[in-house]
Structure formats: structure tokens, C-alpha cells
Amino acid sequence: MADNLESKLIALTEPGQFKAGEMVLGPADAPATKAALLSALDNTILPCLITYSVGSSSVVLKAGGRRLRACVAASNDLNPPADALGKTLSADEGETLAEIGSIVNALLACDGMLTMKREVEPAAMGQSDAGVGVKTLSELWKIDFNAKPPTQFEIFESALGETFIASIETDGTDLTGSRGDTDTADVLKRDVLPKLVQLEADLTKVKTQRDLPYLMTLNSALPDGALVSLFVAEETRSLVASAPGSLPAVAGAWGRV
Amino acid sequence: MAQKVLDLLCEQVAGCETAAFVDLTTRMVLVTNGDNTQSQDTLNAMCQEAELMLVGGDTAMVATSGQMRLYLRGEAEPNDALCCVCAMDTNFAELIAKAKDSLNEISSGVANG
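As given, the protein sequences belong to chains A and E, one line each in that order.
First residue of the first sequence: 29, per my numbering; consecutive thereafter.
First residue of the second sequence: -1, per my numbering; consecutive thereafter.
Simulated from the structure, these hints should not be mistaken for laboratory data.
Glycine is no exception: its CB is placed at the ideal position from the N, C-alpha and C atoms.
One or more of the hints may lead you astray.
Claimed, not checked - Restraint-style ranges between C-beta atoms, simulated for each label pair:
1) A:Arg94 - E:Ala95: 41 to 51 angstroms
2) A:Ala137 - E:Leu28: 31 to 41 angstroms
3) E:Glu103 - A:Asp230: 38 to 48 angstroms
4) A:Thr210 - E:Met(-1): 25 to 35 angstroms
5) A:Ala261 - E:Glu73: 45 to 55 angstroms
6) A:Lys223 - E:Asn77: 35 to 45 angstroms
Claimed, not checked - To be clear about the criterion: a stretch of chain E counts as covered by chain A if any three or more of its residues have a C-beta under 8 angstroms from a C-beta of chain A, and this derived list gives those stretches:
7) 11 to 25
8) 46 to 60
Claimed, not checked - Over the 10 angstroms line for every Cβ pair with chain E, so calculated as not near, a few chain A residues:
9) Gly83
10) Ala213
11) Arg238
12) Asp239
13) Ser248
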């Protein structure tokens, strides 16, 4: 019963949503994802273990009361110093905090999506005042805690993985960003965007379900058979080119949004 | 029978709720799976959407928060197309492969014998 109550309390303090016990925070190297990592620590009330992963790389942090209490484990590829693991933390432990910061930043430098799992810490940690708040961690680890969370489009784009070629973002008319292969991004902006904006206008006369945001993907917009997806949100229009035949990946990425 | 091919497609691919064989030139839905629950208006709208999205190509998709719609143009008969409505957790690789087979089977007339 205690476990149930604790689980419910944890759920109440969680700002996002978990899918199958796991939450995707975003591309590991994105500033907003790094901020989300700190946010998860800041959102803790009861003692818990948080496992952050990028692919097979992972770090397990113990947190509670909005403070980091310890780094419990880390995968070997992140080169964790043995004496940093399991050590109860406080603001006085500058060297250990720096070592843990190196582990966390090594994880955030991995290529892929950062995911998070959280579970109740089985052994209660008592009322110790040990631990470090995220403001201190933010300064020590050089992570901008105020970075904006990833947009749905950024999550979608990152989830395309290796099939991603290039993307452009617009506020409806003007270009606000581009990523990936520059030649393809130029083609998207110059040739494809006007056509798909027209297609979107033509489709408004068709009464199919298209609640915002929605995605349109076709294989006719680029000459080499690459797919182009138009991501339509309330005030933005974004285009992504992905590899020919990548429709299953596109559908999977949409499911992450 | 074409409907049996579409029924089989929906049975084989979990999450595929509707499969409709359409003629793009006349924008007519020719046959759907037996358990189809879409209204005629919705099917007609999907037919129009397919026509617009398959211009110059043979594969298109529209994804919303609640469903995904796959549109495929026939290889041998470019005026033939298949429209599928499926749930978000549908295995899309499987759906595309089996939907292409179904479309070609119906389009080539094998299923009409």
C-alpha cells in the first residue's frame, strides 16, 4: 500500500508523461533536454532513483526533496570514477560533484534521444540535509536550467534518427531555422515549401480529420524519391526530408510526438 | 473478391481499421473492407485527399493525433489507389508491405475472378 501511495505521489509530481515507464526528454545534446534532466531532479519529492539513458549509455542518480543525493551507477563507456559512485552528496563535495558532472555531460554528448525512468527508492534516506539543488548543479555542470523544452517538431525530427536528411522551420512565411544537409535544405525552402503550402491550402477544402498538429508525408516532392514531411502546427510550418522508403520511421517518429 | 482481400489486410495488420480501394480519376470508392465503420462522406473525403497527395508520387501519409492514413497508388494501374486508416501503434512497415500486395492483387484483377 505504501508503494502504491508513493507511486501515486511521484506521478502527481511528474510534469510530463511516461510511455511504458519511460519518458523521452529529447535529443541528448539539445539545451532544452539538458534542462529537462535538471528539471526531473527538481521535481522530486520522495526519494527515488532516476535512470537517464541514451542508447546503451546510462547514469542512475538518486534524488529526493528537489535535490540530487548521489550518483548510484553509470555505464562504463562514460568512464565513471569509482569513488564518485554511491557517495552521498552535499554542496561541499565540489570534486565529486564535478566528477558526476563529467559523467552526466558525457551522457549528454552521446548521439541519440535522452530517456528517463524513475522508480521509488526502496531504502528510505532519512531526513538528512545532504544533497544539492539544481541551481548549484546548473552552475557547476554548465547546464542552462532555463532552456526551453523541445518543441513537438524537434522531438519528431530527432526521432527520425539516421533517416533524417535535412529540415527547415518557418513561422508560416519566413524561415526561422534549418538543419542537416544544406543543399537539400535549400531545395526544401526554394522549391518544396511553396508547393506543400499550396497542397495544404487545397486540402483545407477536404473534410478529413486534421487536428493540429498534423503531418503530411509524400514521396513526390524531391526528385530522388526521398520523403518530405510537412509538420503543421498552430503557427509554424516545418519541412523534413528523410531517406527514400523511410515511411515506417516517419510513422514511428510521429508516435513519439 | 476484392472485399476479401481488404478484409484479410485488416485482419493481418493489427491497427488497420479501414481499407478502401478507390479510383483516383473518378474519385470513387469502389470497395472497402467488410467491417469498415467510416461514413460515406469520410470515405469520399479520403478519396479526395488521396488524389491530391498522390500527384506525381505513389506513397503518401497523413498523421494526426488520433489516426494515420496511408495512401498508395497502384503500380500497374496508376489510377487505382488504396486508402488505409490505422491506429497510432500500427506496424507501418508491415502495413505498407501488405497493403501494396493487396492493392496489386485487386488492381491486377486477380481478386475479381
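Against the structure, the hints come out as follows:
{"no.": "1", "hint": "A:Arg94 - E:Ala95: 41 to 51 angstroms", "in the structure": "holds (50 angstroms)"}
{"no.": "2", "hint": "A:Ala137 - E:Leu28: 31 to 41 angstroms", "in the structure": "violated (55 angstroms)"}
{"no.": "3", "hint": "E:Glu103 - A:Asp230: 38 to 48 angstroms", "in the structure": "violated (31 angstroms)"}
{"no.": "4", "hint": "A:Thr210 - E:Met(-1): 25 to 35 angstroms", "in the structure": "violated (52 angstroms)"}
{"no.": "5", "hint": "A:Ala261 - E:Glu73: 45 to 55 angstroms", "in the structure": "violated (34 angstroms)"}
{"no.": "6", "hint": "A:Lys223 - E:Asn77: 35 to 45 angstroms", "in the structure": "violated (22 angstroms)"}
{"no.": "7", "hint": "11 to 25", "in the structure": "violated (count 0)"}
{"no.": "8", "hint": "46 to 60", "in the structure": "holds (count 13)"}
{"no.": "9", "hint": "Gly83", "in the structure": "holds (21 angstroms)"}
{"no.": "10", "hint": "Ala213", "in the structure": "holds (21 angstroms)"}
{"no.": "11", "hint": "Arg238", "in the structure": "violated (6 angstroms)"}
{"no.": "12", "hint": "Asp239", "in the structure": "violated (5 angstroms)"}
{"no.": "13", "hint": "Ser248", "in the structure": "violated (3 angstroms)"}
The structure does not agree with the numbered hints 2, 3, 4, 5, 6, 7, 11, 12 and 13 stated previously, though it agrees with the rest.
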